[in-house]
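2 protein chains.
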Amino acid sequence: MKQIKFFLLLFICYFPLAINAQTGYDLWLQYEEISDASLSQSYLNSLTGIKVMGNSPTLEASRNEISNAYDSFFNQELKNANSGDGLLILANIDQLPANMRSDVKSDIENINSEGYIIRSLEQNGNKVTLITAKTDIGVLYGSFRLIKEMQLHNDISNLAIIDSPKIQKRVLNHWDNLDRTVERGYAGFSIWDWHLLPELIKPEYVDYARANASIGINGTVLTNVNANSLILTEQYIEKVKALAEVFRPYGIQVYLTARFSAPLESGDLDTADPLNTEVKQWWKDKADEIYAEIPDFGGFLVKANSEGQPGPNNYDRTHVDGANMLAEAVAPHNGIVMWRAFVYSEDDPEDRAKQAYSEFVPFDGQFKDNVLVQVKNGPIDFQPREPFHPMFGTMPNTPLMMEFQITQEYLGFASHLVYLPKLFEETLEEDTYVNGENSTVAKVIDGSLSNNKLTGIAGVANIGSAKNWTGHPFGQSSWYGFGRLAWDPYMSSEEIAEEWLKRTFSNEEAFVDPVTDLMIKSREAVVKYMTPLGLHHIMDTGHHYGPGPWVSSLSRPEWNPVYYHKADEEGIGFDRTQSGSDALSQYADPIAEKYSSPKTTPEKYLLWFHHLPWDYEMDNGETLWHNLATTYQEGVEDVEEMVDTWNNMEEYVDKERFEKVAMLLQIQLKESKWWRDACLSYFQQFSGMEIPESVPQPEHDLEYYKSLEFPFAPGIRPSWE
Amino acid sequence: MKQIKFFLLLFICYFPLAINAQTGYDLWLQYEEISDASLSQSYLNSLTGIKVMGNSPTLEASRNEISNAYDSFFNQELKNANSGDGLLILANIDQLPANMRSDVKSDIENINSEGYIIRSLEQNGNKVTLITAKTDIGVLYGSFRLIKEMQLHNDISNLAIIDSPKIQKRVLNHWDNLDRTVERGYAGFSIWDWHLLPELIKPEYVDYARANASIGINGTVLTNVNANSLILTEQYIEKVKALAEVFRPYGIQVYLTARFSAPLESGDLDTADPLNTEVKQWWKDKADEIYAEIPDFGGFLVKANSEGQPGPNNYDRTHVDGANMLAEAVAPHNGIVMWRAFVYSEDDPEDRAKQAYSEFVPFDGQFKDNVLVQVKNGPIDFQPREPFHPMFGTMPNTPLMMEFQITQEYLGFASHLVYLPKLFEETLEEDTYVNGENSTVAKVIDGSLSNNKLTGIAGVANIGSAKNWTGHPFGQSSWYGFGRLAWDPYMSSEEIAEEWLKRTFSNEEAFVDPVTDLMIKSREAVVKYMTPLGLHHIMDTGHHYGPGPWVSSLSRPEWNPVYYHKADEEGIGFDRTQSGSDALSQYADPIAEKYSSPKTTPEKYLLWFHHLPWDYEMDNGETLWHNLATTYQEGVEDVEEMVDTWNNMEEYVDKERFEKVAMLLQIQLKESKWWRDACLSYFQQFSGMEIPESVPQPEHDLEYYKSLEFPFAPGIRPSWE
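So the sequence lines, in the order shown, correspond to chains Y and Z.
Residue numbers for the first sequence follow the UniProt record's numbering, beginning at 1 and rising by one.
Residue numbers for the second sequence follow the UniProt record's numbering, beginning at 1 and rising by one.
The hints are simulated quantities; they were obtained by calculation from the structure and are not laboratory data.
Check each hint, because a few of them may be wrong.
Identical chains blur together in the list; that is why a pair holds if it fits in one copy or across any two.
[Claimed, not checked] For lysine-lysine, the following DSSO-like pairs were computed, each having C-alpha atoms within a straight-line distance of at most 27 angstroms: (1) LYS202 / LYS673; (2) LYS706 / LYS239; (3) LYS105 / LYS453; (4) LYS467 / LYS241; (5) LYS467 / LYS127; (6) LYS467 / LYS239; (7) LYS467 / LYS202; (8) LYS51 / LYS706; (9) LYS521 / LYS599; (10) LYS673 / LYS239; (11) LYS566 / LYS280; (12) LYS670 / LYS202; (13) LYS670 / LYS239; (14) LYS467 / LYS655; (15) LYS202 / LYS239; (16) LYS706 / LYS241; (17) LYS467 / LYS670; (18) LYS127 / LYS280.
Using the sequences and the hints given, assemble the complete structure.
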């Protein structure tokens, strides 16, 4: 392969097609040659030349993305042109000539600063396609959209698309440590090769930015919330700057996690008290230092006074004091602070599910304008299923940022196919009822429910050094879907699955339909074989790999699975009604009332809110024990069905990805049986009831399952207990 | 900084995702279409069809390798055929018809069980090409050889090649931990994804085996010599078995490191005393268990009583007791034990360079037949330059196995271009004089000096999860060259460099010649800018990243750089003559005598053997201090020349690899200056002499260099102090 001269690359990016295997590195940006001749011809008629008005790295990136896709789709070059039928015009609205600007005048009023317009127009008797926006980034988003239309084989001859993101800060959170381990990372190790930065700029950094920009993600927190203050030193700021410069043309802002005690550790103060003048000055100076190098630095994400992290409480100050102190430091630079609400005290005997609400809701309205409070989707911790977090809707004067977990800490790691956008959609669609019916979580997050000015959504990344980024080929769909829902939290997860499949694998209906179905069903499958009927947090401890309902030995009660299922001879489940922890009272009334009785509680949340006897009669007339057992079995059968479905897809998928998914599904099947057998063995000793006939007897006895140890399961923080 | 901006500019139009950029994953197995029409036609004439006689996974692999290469070279398929002009025949000698067998009868007598023959023959009036061997693996090696001939654009119309490996056990040592960190690994993390084994077989496992087989490597130790006994449990043996099955068709045997205390840790004994009957039985049972799953398991590699590892000394037993006990366990299965001689006591005040010799030489002749004693190339620890280890040649009745380090623990990690086969060649060519002149180290290793029956060579791998396997694109050449020298320890490293460059990048003379030169010179460059004139082990401690000649605080004296350079106002260097540690007496007389005076000691070993005053007069008439300084400067200038050479190669190399090497060379240049400036600043305080005019003054003061800290430098064992 001969070197192509750089100057040529500015106009054309053509390389011979490699015969290399498909690693999955290309993600959803795969541009297979369009073999349907009439479709291909119609695209070629619509796109005969390209004209980019204006000049910026972002516009250049837009041009190159389109040229590159065009080359692959049609095996020919999209040439520069100034006019003619089929001209594609890329322009910031400021660059448009007056006549074209008036053509899109009303559309422009309907987009925000990141939105875009794609319009098929007449110009001097010629048909042209215009991609325009208020910012260059909008043009880039529009360019990716046009490419997507072709990937999906949609007609592009008569386009009238206007689209804007509904949430402002669409951010990935990387729980990446400076030694390149990734807490709860299952796709290898950190893609940030700190040791070789700033000099070595890996192609992955560029492709990471491209992939994110293609789905509208506009921010990335590079470091773990369990933070190391070294990242704030000059040595590391220089490295962060190098990444920020790669990401900038793609509209990705860089954020860092701020360890609250940094003034002690990387400074030389003897306190980190947020009301101390020197501490305030230290953070202001630090912010100034960072912004001098990275003018568009996004700001800080902070985990404070949570699971051993230092915070303002260490100095008898509040979360408001801490967040506002940092917010003041970054405010002059338009930075923001994302302050996590994931707190639970090691002394407080209150139900862990209640504590974040108790701690934060009283602070409503007290945070600075540039603070977002980042709240996990549910009140415990990224379980296979949780009800929505009761804070959503209850802090109308504080912008709440959603935190989803894309990496599958509690959902089978990167070896289980679980399509998470279905889970995300479930939360976003939940009705909080705080302002009456249709007060959905989505409306809290996009700010529409309470007219919040600042809005945000975060996803804990499942990205690593794996050749395909996410380990499981289908892990890419959760990254993709997070981005799509961050752009529009009202999208259907099924629609997202379909477009991801088409962009990533094949447009064939015989592939897309069954595999979309498989993806949608995968979300319920994992709940069934891990934590059915509202069970939660019964994973083995530390690594959270596999079942561990028997674990009861950890120092903090709320780290033990037995705390969550409370199984005994009387029954099973966590009573969160008035007779129990009363966590239910944190929800608005239609919910609080409905869920107060097991009979009117949705079965999916039954054991989340109620402790019930083993022979409690379920809707179908069977006992709770019976349904628990048969639901586990259903989960296993769902995975068996997934295996069958996938095995029929061989003709539509390249060999490498087909086989990888097939092998991983075997792991998922094995582990779903392990979950079923271990949990039923354990719970049976309390229920004293027979395992129903339709459910196989456990392969081993309970002692066997309890004896299994996995000291090197991935994703554990080295210093984690 | 200017350099960084330059690259960022290029990245604005950088699009590897969809254009199948060259990641380097294919290593030296790159089969570019042969564009020279007459060459291509001559190959096509010689190879019109393929016939594989016999049936085995290894023969099938041979056929596939040739077919794949053929497809790529000629963009057409090599069809199966039974006869005809241009037939290629692949056959184990047993499968050959009598007439063909007689054609190669004399050749057959000249190859060993892994050797091969490639012959152009007449058969029924047709010209055919025959690849044959005594084993199927030999046929595979011959197939890779034929492919290489075409990669190198050699004539294949009249072949008469016979070749056999000169060393039996050609083994990679992976210092890979079960958590996927790699001790002294700089190419990402371990390629062994233990968590997903045995189910998930990654394509990398197959390609790892292919690459190794292509250079004749026939064994791999999967785990770190600082061993974890968990690898010997049933849970892990199942995983090891899965890898062994992938590797088997490619002739790669799997070995494991045996933690000496395993009977206590993964068994339930209360001793690991090698003379204890239960301990012996435990290891026999363990071997039987492993061999039941992996019939061709290679055996064990052991680091015992070294740097905190347990061993027979813990029970007042000797290395012989320990090694023989394990040897007995694997002997019934034809397994071997590789017992490392890398020992030095924490109590023994004797020069560390002497201790392995002192400990092991008295045991000569006492080890079982299936024990190899594995000796590092030099007596300290994989330094940029060491004299050969004095054990070589002094244990005639014990097979000594060479241990080279391919990973660059002390040579700039994966960011410095250092072509190590040149270093390996230097050691192999050294004359030990133990049986008179021409008693080279190579002859010790291949067994010819003392007629050893068992022979072996090990390389500590530089392979990781990096997309190109080794991090630095040129790191591949050290892996490649290790394999070539393991096959034939008398090869020229220059010839190896040339063939590697042609197979990996380009056959263009204008590329191969200057870059071969660059590679050869890179070996001396690193010595000059790190440890000139016989200096050694003055790297910063723990991670061994960058200079640390000032370090003197570690608990064990021989872990401190000051122990090795002994610089003071009187002078610098380690007196290993009679007036000092007398380590020199461990060498045979011509050496011992010659090196006893600084005047007759080669300058490259001067400070290894002598402590000399700063104003000592060197061969060129300058002072030692002057030459020390100018040699550091020469090292920097060598790197500057490497940068220039590489920058002229742009037209011959694909963009991704070209830029990666260019960026890494900038790191190497920066760090070579850091080494020069830090070391000269430090030594100057003792010499009290001016830095010569031709050498730039250090950029910072000594305190600055001493203050630098790199807590997350890669390759440190998490539990390492």
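Outcome of the hint check:
no.: 1; hint: LYS202 / LYS673; in the structure: between (41 angstroms within a copy, 24 angstroms between copies)
no.: 2; hint: LYS706 / LYS239; in the structure: between (45 angstroms within a copy, 21 angstroms between copies)
no.: 3; hint: LYS105 / LYS453; in the structure: within (25 angstroms within a copy, 87 angstroms between copies)
no.: 4; hint: LYS467 / LYS241; in the structure: both (25 angstroms within a copy, 24 angstroms between copies)
no.: 5; hint: LYS467 / LYS127; in the structure: neither (42 angstroms within a copy, 45 angstroms between copies)
no.: 6; hint: LYS467 / LYS239; in the structure: both (23 angstroms within a copy, 21 angstroms between copies)
no.: 7; hint: LYS467 / LYS202; in the structure: both (13 angstroms within a copy, 11 angstroms between copies)
no.: 8; hint: LYS51 / LYS706; in the structure: neither (66 angstroms within a copy, 56 angstroms between copies)
no.: 9; hint: LYS521 / LYS599; in the structure: within (26 angstroms within a copy, 81 angstroms between copies)
no.: 10; hint: LYS673 / LYS239; in the structure: between (45 angstroms within a copy, 20 angstroms between copies)
no.: 11; hint: LYS566 / LYS280; in the structure: neither (45 angstroms within a copy, 48 angstroms between copies)
no.: 12; hint: LYS670 / LYS202; in the structure: between (37 angstroms within a copy, 19 angstroms between copies)
no.: 13; hint: LYS670 / LYS239; in the structure: between (43 angstroms within a copy, 15 angstroms between copies)
no.: 14; hint: LYS467 / LYS655; in the structure: both (16 angstroms within a copy, 20 angstroms between copies)
no.: 15; hint: LYS202 / LYS239; in the structure: within (13 angstroms within a copy, 32 angstroms between copies)
no.: 16; hint: LYS706 / LYS241; in the structure: between (48 angstroms within a copy, 25 angstroms between copies)
no.: 17; hint: LYS467 / LYS670; in the structure: within (25 angstroms within a copy, 30 angstroms between copies)
no.: 18; hint: LYS127 / LYS280; in the structure: neither (59 angstroms within a copy, 86 angstroms between copies)
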